[in-house]
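Student: Put together the whole structure using the sequences plus the hints.
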Amino acid sequence: MTELDAGLVGEQIAESGQISEPDGAREIGRARRRKEDRRLLTGHTRWTDNLQQPGMLHVMFVRSPMAHARITRVDVSAARDLPGVVAAFSGRDFADEQGSLPCAWPVSEDIVIPDHPPMAVSQVRYVGEAVACVIATDRYRAADALEAVEVDYEPLPAVMDMNEALAPDSPKVHEAGNKAFSVTITSGDVEAALRDAPVVIDRTYVQQRLIPSAMEPRAVLASTDGDTFTLWSSTQIPHVLRVMLAVTTGIPEHRLRVIAPDVGGGFGSKLQVTAEEVLCLLLTRRLGVPVKWTESRSEGNLTVHHGRDQIQHLTLAAEADGRIRGLRVRLLADMGAYLMLVTPGIPMLGASMFNGIYKMDAYEFGCTGVFTTKMPTDAYRGAGRPEATFAIERIMDELAAELKMDPVEVRRRNWIGHEEFPYTTVSGLTYDSGNYEAATDRALALFGYDKLRAEQADRRDRRDPVQLGIGVSTYTEMCGLAPSRMLGMANYGAGGWEHGSVRMLPTGKVEVITGTSPHGQGHVTAWSQIVADSLGVPFDDVTVLHGDTAIAHKGMDTYGSRSLVIGGVAVLQACEKVKAKARKLAAHLLECSPDDLEFDGGAFTVRGTGSAKTIQELAFAAFTAHDLPEGVEARLDSDATFDPDNYSFPHGTHLCAVEVDTETGQARIRSYVAVDDVGRVVNPLIVRGQVHGGIAQGIAQALFEEAVYDADGNLLTTTMADYLLPSAADLPDFTTDRTETPSTGNPLGVKGVGEAGTIASTPAVVNAVVDALRPYGIDDIRMPCTPERIWRALEGARS
Amino acid sequence: MIPAPFDYVRPGSVEEACQALAADEDAKVLAGGQSLLPLLRLRLAYPSTLVDIGRLPELSGVHDRDDHVYIGAMTTHDDVLRSPVIHGACPLVALAAATVADPAVRHRGTFGGSLAHGDPAGDLPAVVLALDAVLVARSARGEREIPAAEFFADYLETALEPDEILAGVRIPKLGPGWGYHYEKFHRTAQAWAVVGVAAAVKRSDGGIEEARIGLTNMGATPVRARAAEAALRGAEAGDRVRAACEEAAADTSPPADLHAQPDYRRHLARVLTHRAVRTAAGWG
Ligand SMILES: Cc1cc2nc3c(=O)[nH]c(=O)nc-3n(C[C@H](O)[C@H](O)[C@H](O)COP(=O)(O)OP(=O)(O)OC[C@H]3O[C@@H](n4cnc5c(N)ncnc54)[C@H](O)[C@@H]3O)c2cc1C
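As they're listed, the protein sequences go chains F and P.
Just so you know, we're using my numbering here: the first sequence kicks off at 62 and counts up by one.
Just so you know, we're using my numbering here: the second sequence kicks off at 1061 and counts up by one.
What the hints contain is simulated information worked out from the structure, not anything from laboratory work.
The model shown is predicted, which means the values in this text are computed figures rather than measured ones.
Beta carbons are placed, not taken as given, at the ideal position from N, Cα and C, and that holds for glycine.
Each hint should be verified, as a subset may be incorrect.
What the hints assert, rightly or not - Beta-carbon label-pair distances, calculated as ranges: (1) P/1070 / F/570: 47 to 57 Å; (2) F/857 / P/1161: 31 to 41 Å; (3) F/606 / P/1073: 33 to 43 Å; (4) F/601 / P/1318: 33 to 43 Å.
Tutor: In structure tokens form, the structure reads like this:
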């Protein structure tokens, strides 16, 4: 079935009443095409690298070719003498002013946060770390000058393996040792649950290291007029960045403006305070001219923060009928060489999610963060939750196999029933709403589960060289980061509120300012739909401004599937405040009591009469201010800051059928069904796009992507010929559908959708691959499930 | 892309191009740039001069000649795979060209560039080797012919002298009774071959009269699977063909890289040769 067919199926569901479809007049729920796209697709864009400033210079960085070494000498004089080169500096030249790159999430008492100079001064700890920079009149001259910088290194041993790094005799990445932190969380008695359990499943899974690959590489431009500073950056977090840069560089916050112009994707990789951002600011301060840096793709592979990289050890105890007694999780999480903005927090975002959608009485989570001589890890789409979901969904299949039970059935016996919400899980989170039964039933029907199982049995009987595997993933995730109170409890360095403001312009148009910072998500469109419904104005009459701290003066930016759930709600609440003001003004002008007015279709009407004032008329009246009531100011605008009480918990069921060619080892996805429940949907087209991209990215982890370092710490996957990103040609048609269980945590009833697809799909695919191979006695394939790995597993099983 | 500095010339004739190459031993020919520019970008090559042969019409085009097809070196992959002459007389070339990268690369990359680059992972070297093609080189010193079997010298090295331009390739017409297939195994649709097998098979009396098999990425150069070719002679469909294809990896020394270790490549060569031969023979 094609995607389009599935869309029609969705509409059929709407008739049966499960999904709320918009009535003709409503914008929320409409598959509006994105307002952003005409401009983006026709190239009328402002990427940071396109921006020019008078007198602008170009900076490039000399990067360490060594994973671990002492720097004994840096000589930039030859580079400085080359034509077109204006300046060249080593880390030592900035040692006194560059400070340390911030880590805002000290997750434990025992955490070690090592000094992290933006440019290394005396020691390097990963290949790609900046050691010097050259500034030239164009990028070509800068690139030539890089080769003239001389750096002497005294090699130190690379530390590549987490288990070895924790051994007492391991070489140290930092003075204090290789352990960054350790955390344990317990709930109930796991020892007791394991003791005499009829079934105990013990497994170790490896989350390989991934390299986020946003379409737009990172770029930074900094300038100053001697008094104030402006930084343009391809960032997800202009607001957080401004605060952090002010603290790091000492430039007073009120004299620093940060702008995220058009930003071409991030997936968490641009949720960072980077060395290059700090250094561009310092360079423009020192040189007095604008400087720009744009990374190459290979430079990006080396130095954009990486994702995942965990070793997960799980022990699951269950009854003979499949009901789970308890779960123990022991994680090693590779921090890389330093702790960046939220590095240690990433595994902690999964800490309460390994129990997934299942009921159990005992849970224990332990995590050790480990330093190695690799690029630091940090947020990557899903951040901690894909890792947790993968582990629980994989081990649920192992439980099913052990009990010779259908993997869907084993899940049914354990999941939270729809009548049990709100439900407080063993790890202490309260899931607000959900209906796992409905999503799963729908997915099974769309997938043709029974028919595929029959085909699988047939192929097994025939010993067909092409075996069929079926994988399921019934996921939930915790997103919409987040309640400030809960972030505080987790010792996170900031809040999780969001800000929105709405102003009616004199001509009745609406200008919205949001603190979220879209970089491909379509906030301009979705926020317009929310405003159009709330104020009763046409969709086209709304504009949305964002991504500039001088315009959007308050914000917490975009990550963790938070923007709609928090920022969209803030905009809605600002609209409600605008309406309250407008009501007073309308009552005054119509000479009635505010209570006599009803608001509909963008106008206040005196109940039972024809007299009315449209919101546009009221906007003009507020502008002229000729006749305002007592206590009403001459403006029809308002602000709101929303901070929810809880996270949001989207969920769904993904099913994947994989064909494994047992002769070559190649696994090919034959069909993929995703039924997601992301609460109420503002724009189904955008939701579908997020789900599609998310699934693609999760499949990529399952089958294709892996950052590979050699034993000396050299990254081998520095180009796209080696770091394999799948394209549309490598992916099947996705059949997507939805069920709709509104969130009870916000007035829109929405849940996050930005990460759901990525979180759900990886285990669905790997479960399918393993399912195909189970008759051979194979119960795991390490990700990515490459043809060679599958072939070796089969060879091992055959001999 | 920021390469190291170089000079650039765009000659108006093949003679001028030859002179430019003769004048500077560190000069390099620039054809479609699809292999050369990545090397320049990574600063793995530092040519002093690029001699752009992109505007020499006499170097491109497909010509139907009596006993062979002549493919000009500058013919793009896309033109190759759309050529009716090639489809008629030597379809294996088109089958392989269709698997090269993606449409963007196929519109710029050239047939001759793929051969002159000497990359054993390229799809076309194994094809010209299997078809016993003859490569025609030009230089200020004149013209010479190089049989495909002598052309590929080592990894990224060919029999071309630094002052020589590959002008074109003669692909012999094999005549009736032959079937063809190119079996490429790769990780993503746009990726290079982990292993590729180019097979030309002549059938008679239900069996195989002759088979010619070229292997992609099974050594420092493309190689012929001679042992399998010999074992296939006279084989009928079924177990004997399978057994013959087990010889496909004999005498190969495939590389180890991120995508495969040598033993896995050898295994793939056997499996893929069997598939390629069966398909070429019409038993697929
Ligand atoms: C993303 C990507 C994916 C690719 N995937 C594949 C693939 O799957 N399979 C595949 O086979 N190829 C692949 N290629 C390479 C592609 O086929 C190139 O077209 C080919 O390798 C080189 O041809 P070119 O015309 O671009 O040569 P150039 O890059 O211009 O030149 C390559 C080398 O050959 C020399 N040279 C070129 N023409 C001549 C000539 N006429 N005489 C003398 N010397 C010459 C040059 O000096 C240079 O050293 C890929 C390329 C890219 C960029």
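Student: Does each hint fit the structure? Answer for all of them.
Tutor: Here's how the hints hold up against the structure:
In this structure the hint that residue 1070 of chain P and residue 570 of chain F lie 47 to 57 Å apart at CB holds, the actual value being about 54 Å. Between residue 857 of chain F and residue 1161 of chain P the CB atoms are about 34 Å apart, so this pair conforms to the stated range of 31 to 41 Å. Roughly 59 Å separates the CB atoms of residue 606 of chain F and residue 1073 of chain P, a value that falls outside the hinted 33 to 43 Å. In this structure the hint that residue 601 of chain F and residue 1318 of chain P lie 33 to 43 Å apart at CB is violated, the actual value being about 50 Å.
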